[in-house]
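Residue numbers (my numbering), protein chains in the order written: chain A, 1 to 325; chain B, 326 to 624; chain C, 625 to 994; chain D, 995 to 1526.
Note that these hints are calculated values from the structure, not bench results.
The beta carbon of each residue, even a glycine, is placed where N, CA and C say it ideally should be.
Please note: incorrect hints may appear among the correct ones.
Claimed, not checked - Cβ-Cβ distance ranges computed for the label pairs, FRET-style:
no.: 1; chain 1: C; residue 1: Trp-639; chain 2: B; residue 2: Val-606; range: 48 to 58 Å
no.: 2; chain 1: C; residue 1: Ala-809; chain 2: B; residue 2: Pro-442; range: 47 to 57 Å
no.: 3; chain 1: A; residue 1: Asp-304; chain 2: B; residue 2: Glu-381; range: 43 to 53 Å
no.: 4; chain 1: C; residue 1: Val-650; chain 2: B; residue 2: Ser-449; range: 44 to 54 Å
no.: 5; chain 1: A; residue 1: Gln-75; chain 2: B; residue 2: Glu-622; range: 29 to 39 Å
no.: 6; chain 1: C; residue 1: Leu-758; chain 2: A; residue 2: Gln-75; range: 49 to 59 Å
no.: 7; chain 1: A; residue 1: Lys-109; chain 2: B; residue 2: Trp-559; range: 50 to 60 Å
no.: 8; chain 1: B; residue 1: Gly-390; chain 2: C; residue 2: Gly-916; range: 34 to 44 Å
no.: 9; chain 1: C; residue 1: Ala-865; chain 2: B; residue 2: Pro-442; range: 54 to 64 Å
no.: 10; chain 1: C; residue 1: Gly-916; chain 2: D; residue 2: Ala-1469; range: 37 to 47 Å
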Amino acid sequence: ACGGSTGEESETADGDAPLVYGVFATPLEEPWDGAIHAALAEAADEGEIRYQHVDNLSTADAMERALRDIAENEQPDAIVGDAFAAEDAVRAVAADYPDIVFAFGSGGKPQEPNFSVFDNWLQDPAYLAGMLAGGLTESDTIGVVGAMPIPEVNRIVNAFIAGATETNPDATVKVSFINTFFDPAAAKQAAQAHLSAGADVLFAERDGVIAAAEEADVPAIGMMVDQEEEAPGHVATSLIWHMRPTVDAVVAQVSDGAEAVDLGEYSFMKVGGSELAELNTDIVGGIPDDLVAAVEDKEAQIMDGSFVTPVDETTPAGSVDAGGK
Amino acid sequence: MSINLLALVGATLTIATPLVWAGIGELVVERSGVLHLGIEGVMYAGAFVGFVAALESGSPWVGLGAAVVGGMVCGALMALLTVGLGLNQHVSGIGLTLLLIAVCEFSARLRYAGERPRLAEKFSTLTDANPVVAQYGLTYVAFLALAPAAWWVLRSTGAGFRLRAVGESFEAADVAGISVRWTRTWALVVGSALMAVGGAFLTLAVLGSFTIDIINGRGWVCVALVIFARWRVWPVVGGALVFAATDALQLQLAITSAFADVPRELMLALPYLAVIAALAVWGRAVCYPATYLRPYERG
Amino acid sequence: MMPVRIALRDTPPRWTAAAAVAVAVVLTLALTAVPIRLAGANPPAAFERYLLTPLTSGHGLQEVLLTATPLIFTGIAVAIAFRAGYWNIGAEGQFLAGTVGTTAVGLWLADLPAAIALPLGLLAGAAGGTAWALLPAWLRRRGGIDEVVTTLLLNPVALLVVQGLLNGPWRNSESGFTDSDRVGAGYDLGPILPGGRVHWGFAIALVVAAVAWVVTTRTATGLRIRACGQSPKAAAFSGIAVDRIQWRCALASGAVAGLGGASQVMGVQHQLTATISDGYGYTGIVVATLGGLSALGVVAVALLLGDVTVGAQNVSLVLQVPTQLGDVFSALLLLLVLACLAGRRYRLVRRPPPRTADGAPPRTERRERS
Amino acid sequence: MTDGTSPGLDTPASAGDPPYLQLQGVTKQYGSLVANDDVSLSVGRGEVVGLLGENGAGKSTLMKVAYGLVRPDTGTLSLDGRPRTLGSPREARAAGIGIVTQEFSLVETMTVTENVALATMPLGRVDLAAARARVLSTLDETGVDLDPDAPVEALSIGERQRVEIVKALVHECRILILDEPTAVLVPQDVEALFSTVTRLRSAGLGVLFVSHKLREVERICDRVVVLRRGRVVAERPIGDVDARTLAALMMGDAEPPSTAAAGALGATDEPAPEEQPHAARQDGPARPRLAVADLTLVRSGRRVLDDVALEVGPGEILGVAGVSGNGQTELLEALAGTATPSGGRIELDGHDITGADVPARLERGLGRLTEDRRASVVGTMTVEDNLVLEDLARFTRRAGLLDRGAVRAHAEELIARYAIRARPTDRVATLSGGNMQKVLLARALARRPRVLLAAQPTRGLDVGAYAYVHEQLLALRNEGTGVLLISEDLDELLALADRLVVLLRGRVVGALDRADATPQRLGLLMTGGEAA
Ligand SMILES: Nc1ncnc2c1ncn2[C@@H]1O[C@H](COP(=O)(O)OP(=O)(O)OP(=O)(O)O)[C@@H](O)[C@H]1O
Ligand SMILES: Nc1ncnc2c1ncn2[C@@H]1O[C@H](COP(=O)(O)OP(=O)(O)OP(=O)(O)O)[C@@H](O)[C@H]1O
Ligand SMILES: [Mg+2]
Ligand SMILES: [Mg+2]
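Next comes chain A alone, as it looks inside the complex (with noise of 0.2 Å):
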């Protein structure tokens, strides 16, 4: 995201690590190819590679013609992005170019030889929020605003809500999308719309939500990033999701040759591919010791394997009573 910064720091990066190249079809500030970019940038400072990028190619011909260009002339050991409303031609630039390492996010099946895929599985780090919003509301009335019922975020909220049953059967989980990945404003009178119906904890999968727990002085659960400082005083905790681990597996596949394998469960929190951030007792109202004890103790059946989130992608209704369902 640092405009020209980035390009000079990869020319001081060891001159023999593998060049990794991140295609992005929206602008670097939406939070999902944020979380990429700051992982290929975190490992570009570490010297494990050299890292270029280009964002904002929303349609496929600019997403086929980036690849092409850099396939072609830039001579890449990798090509990292999303492929997101591009498939078609990401695919086919994939094939053309077999010895290049292609990790795209997506929701189809890898592509033999060269083509794998990712994803952010954060349903492990969601179930865990909606324990905490389930422990925490006193309405029993909890709200979650998303983008769009697309099926990564479907299982988020899903889990969530699965999660929140858990700690409270009688909870009652109103779900609403505000179908864009910006307009913070739109999303903010989602979230004031949820609080009119009685929420007191809100899910943020979107910006602007929080804005709007603070001002009515419930918490809030962030998303993606630690939120926690946007408002230290209703930020409960965050869904953060960790693109590292992902980032080796391909810089992996650089040297040991490309393969066309399902990244997806590098995303999963056993393996540090994302997690829930520390929880912040000193919101309003704080957190009882027995919740976070119960968050914790599912927390750690998470990592040694004995509790696995259900992955549920089908598009949560408007309104869903925890109990009922």
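Following the hints, complete the assembly by docking chains B, C and D with the ligands onto the known chain A.
Relative to chain A, chains B, C and D with the ligands alone:
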């Protein structure tokens, strides 16, 4: 569950606020015969400049001031293009929007690479009594001061008459010794300042943070509202309220189980369809300001 | 007092257009040098890539044509309507409606052979665009309801329709992501040159432009359309059915925009996605007006924008500067080209030695304004 | 450049004190066209200077220069002998100059009062009540009749001209510029204007008066200046000029105006001899070319046309007199096909065309010349395109392709035949109204109409054009075409019409033969003073 009426009204007022500010700004400009499609970009610039200034200074008031100044500069730029050089208003406006958004996003990228700073202090609602009156100061000003003032100025001051004269007939204004160029320039400067405030409302009051795409088409809605209102102040306000009300309603319906399986997109489309319907019902024969879209040239 | 003054030309000579664009380019370079430095790249390298690189390699040239294709469609669409005095700001929505139409047949009748699929797909796109243009045109004709508002507001609605379909019936059956399945292979508009990226949609765009050119400049209909746009009153007085002509142009405009959508689905995306239109409809307004509402102008401007778009992407990719820098560049170029083209109407002339009867200095200089 | 005298020397004004207003060496070019070429002109205290010249001679341009509306390329302007810069009308007003421009300069959506007050409004709150009072007092000082609260868009052309005059007179000024103020005024209004001017003149007002009507110039001017092609070609005290010489001066080498023109211009008092009004109607009562029966048109509740009945026979010119705003415009629209009547019947050669659209009417042989030129041609299109606009079918080859060659030939032929001063490729907007009118005339006559509607066909035209249009109308009449001539110019009606009807508030209130029509009787009928 039932709809919470108070909350609905409160949300309506908040959602309508930026539309009222920017809409009245657009109205002032269009009354002088200039179509200001730069509005989307000016709102965006207002939101960004206001945010940056507030962040640096730590005071939202400084941010507001900066937004106003920024808006005036944008207006002057639009005036240079459409009044000074007499360029096509469609292209100038769209071009200005593209330019301003690009410049803001570019600067945002350079300044805040990655992280999302928040304002230490943002405008807060004047009271928390109940959702209806728990509004930001800018909302109160928009409805209780700006709109009446705009209405009065246009209706019964020389400034208003000059604005309309220029919008209706170059020859008449000219012969009456009214400078078409200056009038239009001032209209653009003042109007754009109002638009910028509308944009800054989102960053300085509603969110206290800036993200790209923050205006997300609200400017285009304002253009539509102004034409829909036939360049009259109160209908602009009314239109903004209709739009905002449907939007707020949609947000509440989306989370009531009764409407769970109505397609969300249908509800999201409601505000636009509402305005079109309103126009279709009592929007016959819009007559534009006579000098609309025409550059002014003198022998 | 300056020895020269600025005077209006009767008609600017043709070559000045090219000159104006050149001047605009130079100014743009000068103005963008600073931000480019700020972004940590060196301006000359950037400029070369913005404008020249795309044009110097065969495959870069192809990318330019590819990028220009949707802009030619929307540009022509807007030009048709504007010429007739129908302010269609809704090309964006009509373009999207076109993509929906094409995708619909492409999904439901996926297995048709190309011979049938191609015309059907294009037809469906045009039909979709026309359908989306129908309501505003009808409101305008029946109730004199202003089309600017209605066409403008239908754009976001069209996008919502796309999203609704992608969230609902057309959700990708494999990935579950919100973009449709691939349309039947029969619907693919192949590359014009084998292995190339420019698809036949570009050829169709050129044909559409050519037809538009002939109609507006060579036919009686074209004359009627211009009359309606430039003086509806006089047109009506001369017995031209203004309403009907504007109605037809409105629908034709929608059809062409929809055709653009079809070409984008069949030639580029091969599926429907929520981001399939990169604001082509709005850019079309710019292309049309900058192109002077003439078919040739539209094609020229579309190619220029295509060049800059490709170049901008290339810059951000190779020099690692933010993509928005490209947007800054093209927005500036746009405004400056507009300004320079307008500037052609003026020329400097040497002022004849002022005659003064009583030796009083002539007072005219300070009155000069261009 | 001017024959002999340098401007302003032998004029009463400059005998003692310097002239109020003096323009010297004014040159103004538009592109290649020189609108004013080294023009010098002065107006003194209590002096009325007439400015004459053909269409496009440069009169309006010069007036606009004097008022700061147009910046000359060179030249100086001095007030009371002191050189001044009039960068803008604002300064001109401040210097005490008032103007009635040729083209209306009114805000249609504002009321009469608001229009009048516009120039003097402060930025802050305006006191419309006071403004209204001022307007009312000016109205009865000048004997002009207007509703101060009427929105201008609701006013007829004549009424709008009155507003313009009130606008100029309501503010104190020392110099008044009147650019063809009478072109659209009825006799009563002209009288009112002239008496006001005379009164103010004796109070020291200096007036610049532009007109194409020599009779008016002779009446109120002390001195005339003649422009041709942007140059001053003559400047004479009114005493030693007569209509014919002036006309000759204006048109330069062009042949002197026919007696018809001279007659219409009042140079000679008896109607021109060689017109034989009934010439073409010897052969008994033929079937009427145009027959209108109880034609009614209702607009916003008002019956603007009320049971109008007319008949125009072959080879006959029927004149329609009336104060503007009494239904002439609507009558024209209803007949031309641009307005649909609420009731009644229109027959052309016995065919009912009441419901027919414009093309159908054109097919039947209807030709139109309207009062609003600029709404009858597409200004931004070329002369040749405008000339074929009504008749596109004839110039279309198969596949709808336009036969450009034929269009060009057509244009060149008409330009030659009707002496239009323009090239086929000129944009019509750049033609002077006179030539614009010729274009319309050519377009209408080219289709050999069986019935011609002519509304204000000579409004604002110069001597040459005026005479020319009249000759064309008479020739057409003599070929057997039926002509319906709507005009507010009584001289014109009396010179051309075989029979006359008078419109008052949308009804026909009088029909008389030309023989027993006098300006007095008509004037009475037009103002409702006498029922016929
Ligand atoms: N705005 C303009 N642009 C280009 N040419 C102009 C313009 N105004 C005037 N002209 C040219 O200057 C010439 C003089 O115009 P002007 O209005 O002074 O004529 P005029 O004497 O007033 O004619 P008329 O008797 O019809 O009023 C015209 O023939 C016209 O070609
Ligand atoms: N937009 C324009 N471009 C070029 N010339 C113009 C333009 N507008 C007016 N003119 C010129 O200004 C002159 C005066 O214009 P105007 O409309 O007053 O003519 P007019 O007074 O109607 O002519 P007439 O006295 O025959 O009625 C005309 O000769 C015309 O050539
Ligand atoms: Mg004139
Ligand atoms: Mg005239």
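Evaluation of the provided hints:
1. C/Trp-639 with B/Val-606: 48 to 58 Å: 53 Å, holds
2. C/Ala-809 with B/Pro-442: 47 to 57 Å: 49 Å, holds
3. A/Asp-304 with B/Glu-381: 43 to 53 Å: 49 Å, holds
4. C/Val-650 with B/Ser-449: 44 to 54 Å: Given a distance of about 50 Å, which is inside 44 to 54 Å, the answer is holds.
5. A/Gln-75 with B/Glu-622: 29 to 39 Å: With a Cβ separation near 57 Å, A/Gln-75 and B/Glu-622 fall outside 29 to 39 Å, so the hint is violated.
6. C/Leu-758 with A/Gln-75: 49 to 59 Å: 52 Å, holds
7. A/Lys-109 with B/Trp-559: 50 to 60 Å: 59 Å, holds
8. B/Gly-390 with C/Gly-916: 34 to 44 Å: 42 Å, holds
9. C/Ala-865 with B/Pro-442: 54 to 64 Å: Cβ of C/Ala-865 to Cβ of B/Pro-442: about 60 Å, so the range 54 to 64 Å holds.
10. C/Gly-916 with D/Ala-1469: 37 to 47 Å: 43 Å, holds
Hint compliance for this structure: hint 5 alone is broken.
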